[in-house]
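Which chain is which? The protein sequence lines are A and B, in order. Each residue of the first sequence is one higher than the one before, starting from 7 at the first, in the numbering used here. Each residue of the second sequence is one higher than the one before, starting from 1062 at the first, in the numbering used here.
Everything labelled a hint here was simulated from the structure, so no lab data went into it. Every clue listed holds true.
In silico DSS-like links for lysine-lysine, alpha-carbon gap of 27 Å or less: (1) A:104 - B:1128; (2) A:104 - B:1097; (3) B:1101 - B:1070; (4) B:1128 - B:1097; (5) B:1102 - A:62; (6) B:1105 - A:104; (7) A:104 - B:1083; (8) B:1080 - B:1113; (9) B:1113 - A:104; (10) B:1070 - B:1083; (11) A:76 - B:1101; (12) B:1080 - B:1128; (13) A:104 - B:1132; (14) B:1083 - B:1101; (15) B:1102 - A:104; (16) A:76 - B:1097; (17) B:1113 - B:1132.
Nothing here was measured: the structure is a model prediction, and the numbers come from that model.
What follows is each chain in one-letter form.
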Amino acid sequence: TQLLEQSPQFLSIQEGENLTVYCNSSSVFSSLQWYRQEPGEGPVLLVTVVTGGEVKKLKRLTFQFGDARKDSSLHITAAQPGDTGLYLCAGANFGNEKLTFGTGTRL
Amino acid sequence: DTAVSQTPKYLVTQMGNDKSIKCEQNLGHDTMYWYKQDSKKFLKIMFSYNNKELIINETVPNRFSPKSPDKAHLNLHINSLELGDSAVYFCASSQGNRPQPQHFGDGTRLSIL
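Could you build all of it, start to finish, from the sequences and the hints given here?
This is the structure in structure tokens:
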């Protein structure tokens, strides 16, 4: 069974601070997606990273896919109140239609 | 216009009852999914259909039966509801049967009394 562990599980910071969320697995994924979920709503896709070592930026959010495609990180610069939510990473398997979701980080 | 819509949003019922949740997407996608999110917010896939054909069936009790009358609809019927079935159930859709960006509904919160 593939597992994606996210850390930290909870994160409480002041407005304007920087933070990093980690998503780690012992399994290799063909691609990795990051979602954000707000209370009472479904997850919304933020980004997909495909190539090992790939870095993508979305305004103040920076996403990185590990070289070995087993891990990923999400860095938020100068956090704003609107950044609050549950951040979920999700790994896609080779030759499979299934997404494996991480354990989640609540910001 | 809502892209992926689920009904009902809330479902409160007693143990042993049978209930259904409906899902419709207007994105023109050919793949739909059902996920279960537990109280710890862990999101786990249950089923996936591509063009009305079942392609993913995780280890889910056979009290859960999905039905896809067409590629825009995927319903979930649950028989003999148990306390452990309490969770939020999400429907999602994507284009293609490779892991593509998935569009989620707002969830159905099922509470078993």
